[in-house]
Structure formats: C-alpha cells, structure tokens
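Colleague: For reference, the chains in residue letters:
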Amino acid sequence: MKTRSKILSTIYLACATLSICAQGQKAKSGSFALTNATVQTVTKGVILDGSVIIIDGKIAAVGTGVAVPAGAEVIDCKGQWIYPGMIDGGTQLGLSEVGSDPRTRDYNEVGDVIPQLKALSAINPNSVLIPVTRVSGVTTVISSPEGDLIPGTAALINLHGYTPDQMFAGFEGVVLVYPNTGRKGFLDRRTSEEVRKSSDKAAQKLNETWDLAIQYNKLDSARQVLKYYPEMEALLGVIRGERALMIEANTSKDILAALKWVAEKKVKKVILTGVAEGWRVASEIAKSGIPVIAGPVLAVPTRDYDRYDKGYANPGLMKKAGVTVALRTTQAENVRNLPYNAAFAAAYGMGKEEALRSVTIVPAEIFGVADKMGSIEVGKNATLFVSDGDPFETKTNILHVFIGGWKIPMVSRQTELYDEFLKRDPGAGKD
Amino acid sequence: MKIYRSTLLFAMSLVMAVVHAQPRQGNLLIKGGTVITITKGTLEGTDVLLRGGKIAQIAKNISPPAGVTVIDATGKFVMPGIIDAHSHAALDAINEATNPVTAEVFTGDVLNPFQVSLYRALGGGVTTIHAMHGSANAIGGECETIKLRYGVKDVDELRMDGAPRTIKFALGENPTRVHGAGNNIVPRTRMGVEFVIREAFAKAKEYSAVWDKYNKARNQKGFRGAPPAYSLRMETLSEILKGNIIIHCHSYRADEIYMLLKVCADFGIKKLVFQHVNEGFKVAPELAKYGAMASVFADWWAYKFEVYYSTAYNAAILTKNGVVTSINSDDGELMRHLYHEAGKTQKYGALSDDEALSLITINPARQLGIEHRVGSLEVGKEGDVAIFQGHPLSSYTVPMMTIVDGVVRFDREKDPDDVRIYVDPKEPLDAVTIDTSTDYIDNCMQQAEENFYSIFDLR
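As they're listed, the protein sequences go chains A and E.
Residue numbering for the first sequence follows my numbering, beginning at 1 and increasing consecutively.
Residue numbering for the second sequence follows my numbering, beginning at 1001 and increasing consecutively.
Where hints are given, some of them may not hold.
Derived SDA-like pairs (lysine to any residue); straight-line CA-CA distance at most 20 Å [unchecked claim]:
| # | chain 1 | residue 1 | chain 2 | residue 2 |
| --- | --- | --- | --- | --- |
| 1 | A | K197 | E | K1414 |
| 2 | A | K78 | A | D56 |
| 3 | E | K1304 | A | N124 |
| 4 | E | K1320 | A | L417 |
| 5 | E | K1271 | E | E1239 |
| 6 | A | K184 | E | K1242 |
| 7 | A | K197 | E | A1431 |
| 8 | E | K1242 | E | K1304 |
| 9 | A | K78 | A | I47 |
| 10 | A | K395 | E | Q1346 |
| 11 | E | K1414 | A | I47 |
| 12 | E | K1320 | A | D304 |
| 13 | E | K1426 | A | D304 |
Hints were generated in silico from the structure; no laboratory data involved.
Bound-form chain A, shown alone (with noise of 0.2 Å):
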C-alpha cells in the first residue's frame, strides 16, 4: 500500500513536471546585454561589432564599447545582426483563428457604418497564431476589422502580453472601405452595372455618414448634451484630426476617387491601405503626400493585360514617384511571411534598403510611435530581434526575440511539433 502511494506520488510528480514543460516558457523580462553584434539601426546606419543594452523595457545604449551593466544578461551575437522589430501595416491576427471558421472569425461584423467596433476589444492574445508569427521577426502587426464602408477600427498590438492593453502599441485608427469598383476573386460574380450600382450606393452613404459627423462634431464641439449616438463618437476624432481615417482603395479609379474625397473633405489624417493599383496613379498619390500601405506584395496582377510582376513591383514604383510606401501581408496566420513580401518588393525595383524601412521605420512614422519603435535607438522601446543573416532571406534563422524588452520564448506550437515528430517515437514497426 505504502509502495503503491509512492509509486503514485511519483507519477504524479512526474505529470507535474511534465504538464509544465508543456506550458511552455515563459518570456523574461530584466536587463540585457546583446553584444558583438552587427547592429542594423535603419535609422543611424550599421554599426559592427556594437552592443545593444536592454533595461526595463527600454534601448539603454547602442554602440560600440558599450558597458555591460552589472546584473544583466550577456548575450554574444559574434556573427548575428540585430534588427528592430518588424511591423506589418495590416493583419487580421488575433481575429481569426480558423479561416473558414465563423465561430473564429471576428473582423467582420454586421452593419456598414460601425466605427465604434474595435478590433482591440477581439484581439485574442492567447491566439497560436502569435507565437508563430512573432518567432520570425514580425512583432508588431495592425489588427484591422474588414467589412462594408466603415467596418470598425482598427489597432496596432504588440505580440505579446495576455490583455488587450498589454498589446496595445499606442495606435488606433477607423477603416474605411472606400466605395469600389473591383472585382473580389472568383466568387464575386457581380455584372459591371451590379458592382457600379453597390459603389453608388456606397458613395453615397459615406457623404451621408461624413454630413452628419460634421454636425455631430459640431453640436459636441458646442458642448450641446447628445443622445447615445456611437458610431459618430467614434468619427469625431477623425473629423478634429486626432485620429487617422485609414481608407482602403485598390484599383486606380477608386484611389483617385478617394483622393478626391479626401481633399474635398479635408480629412485631415489619412493612410491608404491596399493601393494595389498604386503604381497607376503613383504621381497622384505623391502629390496628396499621403502615405501608403500596401499589399500583399505577393499578388497577381489586377488586370489580364497587365506585366506579370506589377504586384511585386508596386511598392518600387510607388516609392520611386515619392510616395511613403510601408507594407503589409493582409494575413492572419501567414503575417510570418512580412519578410518575404519585402524581399520581393525590393528585388522588383524597391532596393533592400528601402523594403526595411518599410516594415519598420515607416510604419512606425505613419503610425505615430516612431518615438517608441521602428529602429534601433536609445530610449525606443526594445523591440527586436537577433538573427544568422538577413532576416528577409529563407536561409535565415531568427534566434532571440524582445518585445518592450521582453524575451520571447523561441516557440510556436509549430516548433513543438517538430521537435515531437522529427524523430518520432515509435517508429515505423513498433506500433
């Protein structure tokens, strides 16, 4: 009897163990020193040979002969770069977990003027995708609702954290669908007249919603007493400039219409998103100085009869007419592949150096937190990560990853399987 209680106490010590491990680790926070390494600031050149000081969240020190301070942790980087975080302008994670699963999917709800829904209120941080994709490199996404006109708006989240607030990266913005006139893969079976007719409708309504928020702004700005009214609350920073518009066009007759809008509005802050026929009309875009965010790189193009490569050379020739081009993957459980859409970008005309601004500086600067990320700088927030090579090459391993200094298991429920089924036990036979 007394052996079998042991017998089982052993067990059970054992499961403990084990059910921790299965766990997983956890990230650690407290002050580091990643030294020796080639340090890729974006901003201030690259440094070799420099070291990055990690205290309380923060960049402490970059450069060369750099004190290690007393307590942290050494991490040698001889051989490995040091990049910032990489940001990718819009995403659907932590709002889907299951693609063709309604029961997952939570970007896009009923109604076509709903800007008072907000993605960050449905981010789920215990998502697996997260650790996914953060392992690569990518460790600050847009998390945007999609939908009909207004479908919500949208948050900027760091990946990691396990509340909403925790992840929030200090950016919101309303997404508008500007009313189209394209076509949505081969399901949309709409005639010319079916898809000219809903953009009509579309239009019009947007005029209607931006009519009343002017009131609405200005019965509130003469602080009148208002009824329950959500969704023009949620436009009244937009219409006062606090709040960027973040306005999805995609073929070129719809980017010069909301162009137009936008001037004849005089939104004040605005980001287009999408632009996949950017390259079109790239000198209007350059002349409304507003900055673009677009993808996926990885795209056919949008008409029969267009070069094979537009989609890869859009961001190129958008830069190139002088444009502030940031990129995006529009993924949820592939965002690990920002990298990839930038090499392609920069092989096709955008040049390496431009692809890394953007998906990092440049978002970070149309984001407004480029105070606080998108380089490697004393005082931004230590979000980076630690690779063997370039992170925008599949050869690349990413090795150490820091998000607001914290240090981020290198695990995904991906990894996890490979370690269980590479060498899987039991094999062939024994079974």
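Could you slot chain E onto chain A? The hints should help.
Modeller: Just chain E now, kept in the frame of chain A:
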C-alpha cells in the same frame, strides 16, 4: 486518277499534321551559368546545349553549332524547369461535384491554353504542371500533366504526351461537406469516406472480373452472349487497381492519410501520392515504409480546421524520414514563386540546397511518373530550363528566362506586358480583380462552393 489520289493523300496528311500538331522543339546554347543539375551536382561556368528540344550536352566551353542561338548566362543560375504537382491552372472547370465518385471525368477535356496564369507561372520558372480535378469528391476525376508552352492555341500542344495517367482523390472536410452536409448522402464523416473508396474499388474488382471472364469466353468457339455493361467510371477505377493510374489524394489529417494507406494496401495499390498532406509529418515513417509520396505547401495552414495542427516543418520532417516530397502551389499566385516556397524549408528544417530544390524539380517529377524525362538537367532529358538572376533559393532572386523543349517561352528582358492570346471583346478595360481578400478561399473547391455556400456561411 493517280494524281487525284496522291493529292487526296497529301491533303489528308496535312489534316493529320494539324490534328497531331507537334509542339515546337528548339535549339539553344546556354553559356557560362552556374548549372544546378539537381541530380548530378552544381557546375560552375558550364554550358547547356539543347538540340531538338532535348538536352544534348552539359560541359564547359561548348562551341555553338551552326544556327543555334546562344544565351549568355554568365553570373546567372541555370536549373531544371520547375514542376508543380498540384495546380488548377489551364482548366475551365475544376469540380464535377455531383457524386462522391466521378472517376469518369478528365480535366484534360477542359484545357484552356489562353489563360494568362500560364504565362505568369513561366515568369516564375515553372515549365510543367499537374492540372488537377478539385477535391469535392472522395474519388474525383482524372488529371492532366501539361507543359507550359504558352502561346499555342491548340490544346493538344499543351499536353505532355506520354505522361502517366493520374487521378484525384479527396479525404476529410471537402467531400464530407459537399456530399454529406450538402446533399445528405455518404460520406458525411471520415468513416464514410473510407467506405466510399473501398466500395468503389470492390465494385471495380467485380467489374474487371466480369469483363475478364467475358473476354476470355468470347474467343472460344461457339461463344454466344452479350458483353457486360460498359462503365467509364469502372474502367478508370479498374486501371487504378491494375497500377496504370497514379492516385493523387487531397488529404490533411494523419488519421485519414493512414486510412488510405491501409485501403490501398488491401487492394494492392502501390502508386500513391498524398496532396497537401499537412499532417503527413505525423505518419512520416508509415508513408516512407509504404513508398507513398507527399506533395505539400511550404507554410499554408489554419485556413480551415483540418489544417490547424500543421507545421511549416512538414516538408523537412517528411524528407528526413525518407518520403519523396514536393512543394506545390494549388494557386495561381503561389505557383509563380515555388522556388521561394522551397527556400522556406531551409528556415523550417534546415534542408540543403539540393534537398530544397529537389522539392520543386525531380521529386514532383517522380510523383507524376515523368522523372526520366524532366526534373533534372541530364543529357537526354527534355530541354526544360529556368534561368535565374541570383541563386534560386534567395528571396531576392528574379527568374529571367524560362525554356520549354528548347523554346524560350518567357524572357524577362523582352516581356511585352500584355501577353494575352485571346482578348475578350466584351471585357471592359477597367475590370479589376483585387487579390487582397483575406477570406477563406479553397482553390480545390471551385465550382463546388456554390453547392453548400449558403449552408456554411463561408463569407
């Protein structure tokens, strides 16, 4: 009279020539590139001579024979044309989603040589694709292996003559949704899928036996009797049992993969390739032992529940367990950068350059039964070549030229922008299709979606 007859014969031979249009076969000398043969190492500063559409010689300093165009590949990388073992390009129809078993249909009957997507694939170094039936049915239709001879107008010139017959099977969510949930017939579950396949094979066995008996008997003196009923569906299934058709089975979960291994073992079927096979890594030793092959995505997952427990390390685990593995596209966009998808196996599992490039060349060739003709650069093989600016596994590489049977079908330097062969006069100039939708798209389910679209609220 004589003259009349010979004229008639001449005219007939002309007609025959048109019917049996031979695809063009070219002569080229590709000089001075880094030649990645796949099977016989990588050779610096080496020339590849193509004559009559075939690889005639691989050596240093080949002097150009008279009349052979020379292509300077100095500083470039020369590799075999990429093979996509899973595509739906060039097809005007994908799914005959009217029955759980439709072995009687054939994608080769709906080839469309005018699709611009074929040229776009050439722009990614692809020369051969497996144009597959969709995944709506447990046993779908036969598929066609084609070469990307974009520019031809005759569908027969697209076909890769002599390529083995292949057929599409499908397990899991797609057949159970379409037939079980959509039409309330078997299969509604993975149990049902197994039954549908076993039943089809069993009936085909009976069918073969009846015909064999009849064929034997009819030659005997004094035989009187009518032939048994003919069924194209049963004919095709019988050919699978005889080992004359390779099964390419859409599958995701380990249990269903294991199930089909057992079904095939029971019916003595050896030629078996699993497609997608996202959880193949979980039964890699069993796949290797059986000799079944796997054609996978580099990193697609989570677009539906049965691919939620996937890993991008799948190709590496399968390869290291000895499973002949390829990386496919199943998609007109992905098809254009299979070299990049192959490169991902270096991040996810540290495959060597040759292992990674085998995934898009010799391995898919093996899976389609055409490895003696294409998939590597070897003398005697067909002159299908892709030339890259930069190593093909670099994310920054750019495919520069794609050659099929010694004929240049894509040349980045001379790309004319608008490459359409057939222009639809009714198509408005500003008709635009945007490739940015994040919604659920399953390319294997075209023409089947509508059947159950409303039931499942897919969008």
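Colleague: Does A:N124 lie within 20 Å of E:K1304 when you go C-alpha to C-alpha?
Modeller: Holds, because 18 Å separates the two Cα atoms, which is no more than 20 Å.
Colleague: Do the alpha carbons of E:K1414 and A:I47 lie within 20 Å of each other, as the hint requires?
Modeller: Roughly 41 Å separates the two Cα atoms, so the pair is violated.
Colleague: Measure nothing beyond the straight line between the CA atoms of E:K1242 and E:K1304; if it is 20 Å or shorter, mark the hint as holding.
Modeller: With a Cα-Cα distance of about 35 Å, the restraint between E:K1242 and E:K1304 is violated, given a limit of 20 Å.
Colleague: Please verify whether A:K197 and E:K1414 have alpha carbons no more than 20 Å apart.
Modeller: It is violated: about 40 Å lies between the C-alpha atoms, which goes past 20 Å.
Colleague: Take a quick look at whether E:K1320 and A:L417 sit within 20 Å of each other, Cα to Cα.
Modeller: 15 Å, holds
Colleague: Are A:K184 and E:K1242 close enough, with their CA atoms no more than 20 Å apart?
Modeller: Violated - the C-alpha atoms of E:K1242 and A:K184 are around 44 Å apart, more than 20 Å.
Colleague: Could you grab the alpha-carbon distance between A:K78 and A:D56 and see if it respects the 20 Å cut-off?
Modeller: Outside the cut-off at roughly 24 Å; violated.
Colleague: For a C-alpha distance cap of 20 Å, please report whether E:K1271 and E:E1239 respect it.
Modeller: 12 Å, holds
Colleague: Quickly compare the C-alpha distance for A:K197 and E:A1431 to 20 Å and report which way the hint goes.
Modeller: 15 Å, holds
Colleague: Next pair to validate is E:K1426 with A:D304; report whether the Cα-Cα distance is within 20 Å.
Modeller: 14 Å, holds
Colleague: Given the hint that A:K395 pairs with E:Q1346, does the C-alpha gap stay at or below 20 Å?
Modeller: With a Cα-Cα distance of about 5 Å, the restraint between A:K395 and E:Q1346 holds, given a limit of 20 Å.
Colleague: Take a quick look at whether A:K78 and A:I47 sit within 20 Å of each other, Cα to Cα.
Modeller: Holds - the C-alpha atoms of A:I47 and A:K78 are around 13 Å apart, at most 20 Å.
In summary, the structure is inconsistent with hints 1, 2, 6, 8, 11, 12 from the numbered list given earlier, while agreeing with the others.
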